[in-house]
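Listed below, chain by chain, are the residues.
There are 2 protein chains.
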Amino acid sequence: MDFDMKSFQKDIKTRQEYVEACLQNCVSLLDAYPPLIHEAMHYALFNGGKRLRPIMVCEAALLGGGSREDAIPAACAIEMIHSYSLVHDDLPCMDDDDFRRGKPTCHKVYGEANAVLTGDALLTAAFELLSQNAQASEVDLGRTIRVISEIARAAGSRGMIGGQVIDLESEGKNIDFATLKTLHSLKTGELFQASLRSGAILGGMDEPGLQAITDYARNFGLAFQISDDILDVQGDEALIGKPVGSDEKNHKTTYPSLLGLAKSREMLKESVASCIQSLEPFGERAAFLRELACFTMYRES
Amino acid sequence: MDFDMKSFQKDIKTRQEYVEACLQNCVSLLDAYPPLIHEAMHYALFNGGKRLRPIMVCEAALLGGGSREDAIPAACAIEMIHSYSLVHDDLPCMDDDDFRRGKPTCHKVYGEANAVLTGDALLTAAFELLSQNAQASEVDLGRTIRVISEIARAAGSRGMIGGQVIDLESEGKNIDFATLKTLHSLKTGELFQASLRSGAILGGMDEPGLQAITDYARNFGLAFQISDDILDVQGDEALIGKPVGSDEKNHKTTYPSLLGLAKSREMLKESVASCIQSLEPFGERAAFLRELACFTMYRES
Numbered sequence: 000m001d002f003d004m005k006s007f008q009k010d011i012k013t014r015q016e017y018v019e020a021c022l023q024n025c026v027s028l029l030d031a032y033p034p035l036i037h038e039a040m041h042y043a044l045f046n047g048g049k050r051l052r053p054i055m056v057c058e059a060a061l062l063g064g065g066s067r068e069d070a071i072p073a074a075c076a077i078e079m080i081h082s083y084s085l086v087h088d089d090l091p092c093m094d095d096d097d098f099r100r101g102k103p104t105c106h107k108v109y110g111e112a113n114a115v116l117t118g119d120a121l122l123t124a125a126f127e128l129l130s131q132n133a134q135a136s137e138v139d140l141g142r143t144i145r146v147i148s149e150i151a152r153a154a155g156s157r158g159m160i161g162g163q164v165i166d167l168e169s170e171g172k173n174i175d176f177a178t179l180k181t182l183h184s185l186k187t188g189e190l191f192q193a194s195l196r197s198g199a200i201l202g203g204m205d206e207p208g209l210q211a212i213t214d215y216a217r218n219f220g221l222a223f224q225i226s227d228d229i230l231d232v233q234g235d236e237a238l239i240g241k242p243v244g245s246d247e248k249n250h251k252t253t254y255p256s257l258l259g260l261a262k263s264r265e266m267l268k269e270s271v272a273s274c275i276q277s278l279e280p281f282g283e284r285a286a287f288l289r290e291l292a293c294f295t296m297y298r299e300s
Numbered sequence: 000m001d002f003d004m005k006s007f008q009k010d011i012k013t014r015q016e017y018v019e020a021c022l023q024n025c026v027s028l029l030d031a032y033p034p035l036i037h038e039a040m041h042y043a044l045f046n047g048g049k050r051l052r053p054i055m056v057c058e059a060a061l062l063g064g065g066s067r068e069d070a071i072p073a074a075c076a077i078e079m080i081h082s083y084s085l086v087h088d089d090l091p092c093m094d095d096d097d098f099r100r101g102k103p104t105c106h107k108v109y110g111e112a113n114a115v116l117t118g119d120a121l122l123t124a125a126f127e128l129l130s131q132n133a134q135a136s137e138v139d140l141g142r143t144i145r146v147i148s149e150i151a152r153a154a155g156s157r158g159m160i161g162g163q164v165i166d167l168e169s170e171g172k173n174i175d176f177a178t179l180k181t182l183h184s185l186k187t188g189e190l191f192q193a194s195l196r197s198g199a200i201l202g203g204m205d206e207p208g209l210q211a212i213t214d215y216a217r218n219f220g221l222a223f224q225i226s227d228d229i230l231d232v233q234g235d236e237a238l239i240g241k242p243v244g245s246d247e248k249n250h251k252t253t254y255p256s257l258l259g260l261a262k263s264r265e266m267l268k269e270s271v272a273s274c275i276q277s278l279e280p281f282g283e284r285a286a287f288l289r290e291l292a293c294f295t296m297y298r299e300s
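These protein sequences, in sequence, are chains A and B. Going by numbering that gives the first Met the number 0, the letters in the first sequence line up with residues 0 to 300, in that order. Going by numbering that gives the first Met the number 0, the letters in the second sequence line up with residues 0 to 300, in that order.
No wet-lab data here; the hints were simulated from the structure. Be careful, since some hints might not be right.
Note that the list lumps identical chains together, so a pair holds whenever it fits in one copy or between two copies.
What the hints assert, rightly or not - Here are the simulated BS3-like pairs of lysine-lysine, each with C-alpha atoms no more than 30 angstroms apart in a straight line:
(1) K107 x K172
(2) K248 x K102
(3) K9 x K268
(4) K12 x K102
(5) K268 x K102
(6) K268 x K107
(7) K102 x K262
(8) K5 x K172
(9) K107 x K251
(10) K251 x K5
(11) K9 x K248
(12) K251 x K9
(13) K107 x K5
Since the structure is predicted, the reported quantities are computational estimates derived from the model, not experimental observations.
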């Protein structure tokens, strides 16, 4: 598992810039009436995020044999869904966060009612974008419908929203390893999986390929969450953008709090190894996804 | 404009029972993990509503030459969207309502955070239902995609959500006639329109027919809102389920507050006449939609 941080950062930056430009492009539809809600949607969407999910959509589309361009509406739609979930998670009645990545959260700028509506609007716009594009593009309609279905399932009550419900129910409680794994696999894992699967489906990947990319997604989600928890224990405050030790202070059960740091690092390493193994069928074409998995072991933010 | 209330009530009851059974059927997917969110979704969806929108979807599908069955997923999806909008509108940061149709509102029963998530989940489930069904049914995929696109647009920031934003901005202000009309045409009119158009598209209606049904929808939305405002001035508290005069108390601009009661009644009558005129191309097959428009002049709740 060789990993060259400098080379990875170059590779991901190119992809981030591409996604950023596509997002800017597809939100030209945000220049509409009434202005307030569209301004707030713009604020929430351009939030300094890493754009991991849309990058995954595009990579999987290429791996499937398709083009990045055909996957862009799905990539932007998934980023809109991710952004809406952050806006609602930050609300006073949820995590009550005033800042996200150093910027005031949506409800601090636009008020609570407008923040609820901004989240609703981003979620709705995601499906509008997916369906509008299907009408305009050359991509097979059956594939687009399948993608809409997978994204809706992953983002819904049996996926991301279900994970948030379990997270809220677990507040201040000690939860066991199985519950912790389920919580994260729903709250963040499902949308990672939908990102990779959507791109792959749009690109025309066959079923064994889809299975391999799904295995990668599952292991990536786990690796990403463990690395998040480890960073919270021993990261650099200035880099991660929140106080170190905030999970412990908030009595949150994490991988390190349940397993200890050494065992958590071990599990992270195993998940990354599983990621890399899942990518074998794709050979050199999966180089970036391989780097992305390794990155979870070396990330500083 | 003959109208027989007894006969209408019989006609709408049959349709309500059909929709209610279909909703029960399609939410079998709500028997899932985690239980809390699915129980709350069920609570919000089975709220004693009139089911006007799904009934419209089915009627328009028949008018277009299709079957009610093919339109049922769209009908249920639109009712889920309507229900989610009520859950979010009732939140403390929005209208702060404790009761809806005599039952405690979602956030009173499940808490504020879960109510936000319940709305999110119903909205997401609507699109899952639409796309899942497309994969299973015989309906042309292109029609389903068009319907998803129309519903998403109508429910989004340039439609229903935009209307709610204007409504919140207008609180305690005097707004003019044009703003009042825009507010309602976005907040409630767009989803009525999407209901009728979705059914018509799924049923295979031609473009002139679609134009006629769109005209009907626009005038129906106006008639429905005026009748709502009139009821608030002179309705029977026990029947409308909220105190008479609540709009005036809340300093809400309404059709009667801007135009007076007599002029409002005149406008209601004109809108209903326009509804009936729009239905002419459909002859006797549009009998129920004709009754439904007339009902706005005679409704007591």
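Ascending list of hint numbers which this structure does not respect: 5, 6, 7, 8, 10, 11, 12 and 13
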